[in-house]
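Take the given structure of chain L and dock chains C and D with the ligands to it, following the hints.
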Amino acid sequence: TVSSVEFDPDEYLRNFEYGRLSVSETGQTIRDYTIIAEDDKIQEISPGIFYNVWTFNGTVPGPTIRATEGDLVRVHFINNGSKEHTIHFHGIHPAGMDGVFEPVGGNGGQFIYEFEAGPVGVHPYHCHVMPLEEHIVHGLYGVFIVDPKEKRSPADEMVMVLNGLDTDFDTENNFYAVNTIPFYYQHHPIQINTNELIRVYVVNMVEFDPINNLHLHGNLYKYYPTGTDLVPSFYTDMITLSQTERGIMEFEYEYPGKYLFHAHKVEFSEKGWVGIFLVKDN
Amino acid sequence: TVSSVEFDPDEYLRNFEYGRLSVSETGQTIRDYTIIAEDDKIQEISPGIFYNVWTFNGTVPGPTIRATEGDLVRVHFINNGSKEHTIHFHGIHPAGMDGVFEPVGGNGGQFIYEFEAGPVGVHPYHCHVMPLEEHIVHGLYGVFIVDPKEKRSPADEMVMVLNGLDTDFDTENNFYAVNTIPFYYQHHPIQINTNELIRVYVVNMVEFDPINNLHLHGNLYKYYPTGTDLVPSFYTDMITLSQTERGIMEFEYEYPGKYLFHAHKVEFSEKGWVGIFLVKDN
Amino acid sequence: TVSSVEFDPDEYLRNFEYGRLSVSETGQTIRDYTIIAEDDKIQEISPGIFYNVWTFNGTVPGPTIRATEGDLVRVHFINNGSKEHTIHFHGIHPAGMDGVFEPVGGNGGQFIYEFEAGPVGVHPYHCHVMPLEEHIVHGLYGVFIVDPKEKRSPADEMVMVLNGLDTDFDTENNFYAVNTIPFYYQHHPIQINTNELIRVYVVNMVEFDPINNLHLHGNLYKYYPTGTDLVPSFYTDMITLSQTERGIMEFEYEYPGKYLFHAHKVEFSEKGWVGIFLVKDN
Ligand SMILES: [Cu+2]
Ligand SMILES: [Cu+2]
Ligand SMILES: [Cu+2]
Ligand SMILES: [Cu+2]
Ligand SMILES: [Cu+2]
Ligand SMILES: [Cu+2]
Ligand code: NA
Ligand code: NA
Ligand code: NA
Ligand code: NA
Ligand code: NA
Ligand code: NA
Ligand SMILES: [Zn+2]
Ligand SMILES: [Zn+2]
Ligand SMILES: [Zn+2]
Ligand SMILES: [Zn+2]
Ligand SMILES: [Zn+2]
Ligand SMILES: [Zn+2]
Ligand SMILES: [Zn+2]
Ligand SMILES: [Zn+2]
Ligand SMILES: [Zn+2]
Numbered sequence: 001t002v003s004s005v006e007f008d009p010d011e012y013l014r015n016f017e018y019g020r021l022s023v024s025e026t027g028q029t030i031r032d033y034t035i036i037a038e039d040d041k042i043q044e045i046s047p048g049i050f051y052n053v054w055t056f057n058g059t060v061p062g063p064t065i066r067a068t069e070g071d072l073v074r075v076h077f078i079n080n081g082s083k084e085h086t087i088h089f090h091g092i093h094p095a096g097m098d099g100v101f102e103p104v105g106g107n108g109g110q111f112i113y114e115f116e117a118g119p120v121g122v123h124p125y126h127c128h129v130m131p132l133e134e135h136i137v138h139g140l141y142g143v144f145i146v147d148p149k150e151k152r153s154p155a156d157e158m159v160m161v162l163n164g165l166d167t168d169f170d171t172e173n174n175f176y177a178v179n180t181i182p183f184y185y186q187h188h189p190i191q192i193n194t195n196e197l198i199r200v201y202v203v204n205m206v207e208f209d210p211i212n213n214l215h216l217h218g219n220l221y222k223y224y225p226t227g228t229d230l231v232p233s234f235y236t237d238m239i240t241l242s243q244t245e246r247g248i249m250e251f252e253y254e255y256p257g258k259y260l261f262h263a264h265k266v267e268f269s270e271k272g273w274v275g276i277f278l279v280k281d282n
Numbered sequence: 001t002v003s004s005v006e007f008d009p010d011e012y013l014r015n016f017e018y019g020r021l022s023v024s025e026t027g028q029t030i031r032d033y034t035i036i037a038e039d040d041k042i043q044e045i046s047p048g049i050f051y052n053v054w055t056f057n058g059t060v061p062g063p064t065i066r067a068t069e070g071d072l073v074r075v076h077f078i079n080n081g082s083k084e085h086t087i088h089f090h091g092i093h094p095a096g097m098d099g100v101f102e103p104v105g106g107n108g109g110q111f112i113y114e115f116e117a118g119p120v121g122v123h124p125y126h127c128h129v130m131p132l133e134e135h136i137v138h139g140l141y142g143v144f145i146v147d148p149k150e151k152r153s154p155a156d157e158m159v160m161v162l163n164g165l166d167t168d169f170d171t172e173n174n175f176y177a178v179n180t181i182p183f184y185y186q187h188h189p190i191q192i193n194t195n196e197l198i199r200v201y202v203v204n205m206v207e208f209d210p211i212n213n214l215h216l217h218g219n220l221y222k223y224y225p226t227g228t229d230l231v232p233s234f235y236t237d238m239i240t241l242s243q244t245e246r247g248i249m250e251f252e253y254e255y256p257g258k259y260l261f262h263a264h265k266v267e268f269s270e271k272g273w274v275g276i277f278l279v280k281d282n
Numbered sequence: 001t002v003s004s005v006e007f008d009p010d011e012y013l014r015n016f017e018y019g020r021l022s023v024s025e026t027g028q029t030i031r032d033y034t035i036i037a038e039d040d041k042i043q044e045i046s047p048g049i050f051y052n053v054w055t056f057n058g059t060v061p062g063p064t065i066r067a068t069e070g071d072l073v074r075v076h077f078i079n080n081g082s083k084e085h086t087i088h089f090h091g092i093h094p095a096g097m098d099g100v101f102e103p104v105g106g107n108g109g110q111f112i113y114e115f116e117a118g119p120v121g122v123h124p125y126h127c128h129v130m131p132l133e134e135h136i137v138h139g140l141y142g143v144f145i146v147d148p149k150e151k152r153s154p155a156d157e158m159v160m161v162l163n164g165l166d167t168d169f170d171t172e173n174n175f176y177a178v179n180t181i182p183f184y185y186q187h188h189p190i191q192i193n194t195n196e197l198i199r200v201y202v203v204n205m206v207e208f209d210p211i212n213n214l215h216l217h218g219n220l221y222k223y224y225p226t227g228t229d230l231v232p233s234f235y236t237d238m239i240t241l242s243q244t245e246r247g248i249m250e251f252e253y254e255y256p257g258k259y260l261f262h263a264h265k266v267e268f269s270e271k272g273w274v275g276i277f278l279v280k281d282n
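Chains as they are written, first to last, in this note's numbering: chain L, 1 to 282; chain C, 1 to 282; chain D, 1 to 282.
The set of hints was computed from the structure by calculation and includes no laboratory data. Keep in mind that a hint or two might mislead.
Pairs count within a copy or across copies, as identical chains cannot be separated in the list.
Derived lysine to aspartate or glutamate pairs resembling EDC-like cross-links, with alpha carbons at most 20 Å apart [to be verified]:
| id | residue 1 | residue 2 |
| --- | --- | --- |
| 1 | K149 | E17 |
| 2 | K222 | E84 |
| 3 | K222 | E69 |
| 4 | K271 | E172 |
| 5 | K280 | E196 |
| 6 | K280 | D166 |
| 7 | K280 | D156 |
| 8 | K271 | D170 |
| 9 | K258 | E114 |
| 10 | K222 | D8 |
| 11 | K280 | E25 |
| 12 | K271 | D281 |
| 13 | K258 | E116 |
| 14 | K258 | E102 |
| 15 | K222 | E157 |
| 16 | K280 | E172 |
| 17 | K271 | D209 |
| 18 | K258 | E270 |
| 19 | K149 | E134 |
| 20 | K83 | D209 |
| 21 | K280 | D168 |
Bound conformation, chain L alone (with noise of 0.2 Å):
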């Protein structure tokens, strides 16, 4: 039977999945998540477009999972689909455990994906059957976050997944979005306070088109691409990321008032991809 998805991109953006928690003999941190691949679900992305979205736990994109550097990652995966799927992290992992290899057959295959959290950095996962592009422009993706041990500066923090959505399988985008609801974020702006730092774990999916990028109005960012080095890169209004391209934006407003993002693929921010903060005085 088709059920249709309930997402909700307010909840998406700032919910960070931790596991359940144990400890093992050796004192390592182990954390277990369960994911759950489907991919005949139903969801109106804009009004009165329907999309056959394949999610993890649910949703597009499936739940950000975070671990500290050095934790014992489980990932319990389920594949309810009727398809083949897999688990592909980006990151450090021994080969069985890479999602590539190893199919998981639909109709109630699992598999575990075992691995030591690392590098530090913000790193995609997705479904790595082929055809490739099929499976991941129907949704099967998410965000994986490794902490360093001694934690960043406390902030604000937030998930932004840039995504495309080929709603009449051209293989050509007829939308663009942050966290899958086009134009969301404009019509539901982020609340967030002057002069408290924010910190985007930004990750670009989309897929057909060579690249995207990303424009902050009204003040420029701190950039940590991929995340892995504790130092930032770049200071700029404008990163150019390709599919996979991901990293750490920090940046603080002063003014309180409304401030876009959005793509400066100008195409992309015309059919979704942009959003609005509202900077309120703290």
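Chains C and D with the ligands only, in chain L's frame:
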């Protein structure tokens, strides 16, 4: 009435507008600029090819505005066009000075953009009225340079705006250029000296295409992305830029002679984005 | 007469040509190379797909030329093709050695390119005769490595040229590859050892497409853009490169097994730009 544009790329190349200077009671330097938008001019951008350019102060790009970090910048904007226009600066400023939610009416509408110059670097400015791609591709953009308080080292400085011209309105560029005129600096090489520091403020404003790039012959340049850091990030002869990506290039030639610079996206160089440095013995 | 090309990507991968060595009166190392251009060869680049390759020393890419910073490089160029060709090096050299304004006639025309090797890094060379896209897409390119005087640390070193093949001449690539043969290193995995430093000199020469990119599985690499700095700029598993962008990747695998590397521009990987590292326990 339609009027034609006279634009001299040689004059534009090394022209910086520092504004009308005054000093506030607190000792802050104030720089007042006047920028007038028009949208009815015709420019012969290539022999026999006429294009309806939309201009800031009568040219594409508009004037290169230059200030020092911390100066008060006041841009007196007059819209003498027939459509609404604004000036949106990349950089740091209050929401109300962002040129997005305050469209300025044509036939004489006015607005004063006022903010402190910052951060140090090279930033584009452009009209932000929708449809954005139309206002950009017709030419409503220019360059804003913020100098550090401690000046950069002496150099032969110039501005290069990489732009595209969609002369038949099909959302594909027919011509590409440095500073608007295809092939201009190939036919009129830029004269520089051996063993003299060259500093180029480069901004990519090409609409429609995902990226642009810039190759220098017989040499490499230090590259400062966005110009926000006083230490170079790269030493290369090839950078890739999506729209509004920009930076500062620094180099010296040891040997005299003619050296090409051009897009290594070969299509762009064949459609006009190519020039020559003519290096003379110092 | 048309002759067919024998090209072995395994041999190409780790082959470096240091030239014929001599020493000048002042003690400078001199390296003499001979490069012969041809434009009449046919290569079966994929089963049943024949392509008219234009070659430097009989192969695409041409030989990997290697020297140490400050060496005198002398390339004896012989054009045995039917069209004019040149060799244009990216790097530092006098204008007259740039291979642009000195076309070398076919049927035996000759030119000697002479310059000091520099700067340290990895640089492409390619023919610079117009129409440039035709001379590039047919294969007239190769890699030039300049080693620092203080050698880099010992490593298993290899060269990867990312290229495209437009076999039906419509200015769109039909195949993509690492080192010319689509899917080659997928069918013939590159054998490396655990806990041994791998150093890859990578150069993107793909024509027509705006960018290429490179993802490594189960690992991240230190990335040195252009190879000009001895300190890495990034630690990532994904880089984006436009034509002639290049750099040095360094990594070690801790765990044995099979790991993919491929374009994350999925179309390119599906058309041949994909390979495997087969990591053996050291
Ligand atoms: Cu992957
Ligand atoms: Cu802006
Ligand atoms: Cu903008
Ligand atoms: Cu060159
Ligand atoms: Cu070149
Ligand atoms: Cu991967
Ligand atoms: Na979910
Ligand atoms: Na579509
Ligand atoms: Na002007
Ligand atoms: Na056009
Ligand atoms: Na060869
Ligand atoms: Na083709
Ligand atoms: Zn899948
Ligand atoms: Zn991936
Ligand atoms: Zn904007
Ligand atoms: Zn406008
Ligand atoms: Zn902009
Ligand atoms: Zn060139
Ligand atoms: Zn040639
Ligand atoms: Zn080149
Ligand atoms: Zn992969």
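Evaluation of the provided hints:
no.: 1; hint: K149 x E17; result: within (17 Å within a copy, 46 Å between copies)
no.: 2; hint: K222 x E84; result: neither (40 Å within a copy, 33 Å between copies)
no.: 3; hint: K222 x E69; result: between (22 Å within a copy, 18 Å between copies)
no.: 4; hint: K271 x E172; result: both (12 Å within a copy, 18 Å between copies)
no.: 5; hint: K280 x E196; result: within (10 Å within a copy, 49 Å between copies)
no.: 6; hint: K280 x D166; result: neither (36 Å within a copy, 41 Å between copies)
no.: 7; hint: K280 x D156; result: within (13 Å within a copy, 44 Å between copies)
no.: 8; hint: K271 x D170; result: both (16 Å within a copy, 18 Å between copies)
no.: 9; hint: K258 x E114; result: between (43 Å within a copy, 17 Å between copies)
no.: 10; hint: K222 x D8; result: neither (28 Å within a copy, 37 Å between copies)
no.: 11; hint: K280 x E25; result: neither (48 Å within a copy, 30 Å between copies)
no.: 12; hint: K271 x D281; result: neither (31 Å within a copy, 50 Å between copies)
no.: 13; hint: K258 x E116; result: between (41 Å within a copy, 19 Å between copies)
no.: 14; hint: K258 x E102; result: between (47 Å within a copy, 12 Å between copies)
no.: 15; hint: K222 x E157; result: within (14 Å within a copy, 27 Å between copies)
no.: 16; hint: K280 x E172; result: neither (38 Å within a copy, 41 Å between copies)
no.: 17; hint: K271 x D209; result: both (14 Å within a copy, 16 Å between copies)
no.: 18; hint: K258 x E270; result: within (18 Å within a copy, 42 Å between copies)
no.: 19; hint: K149 x E134; result: neither (37 Å within a copy, 49 Å between copies)
no.: 20; hint: K83 x D209; result: neither (25 Å within a copy, 32 Å between copies)
no.: 21; hint: K280 x D168; result: neither (40 Å within a copy, 45 Å between copies)
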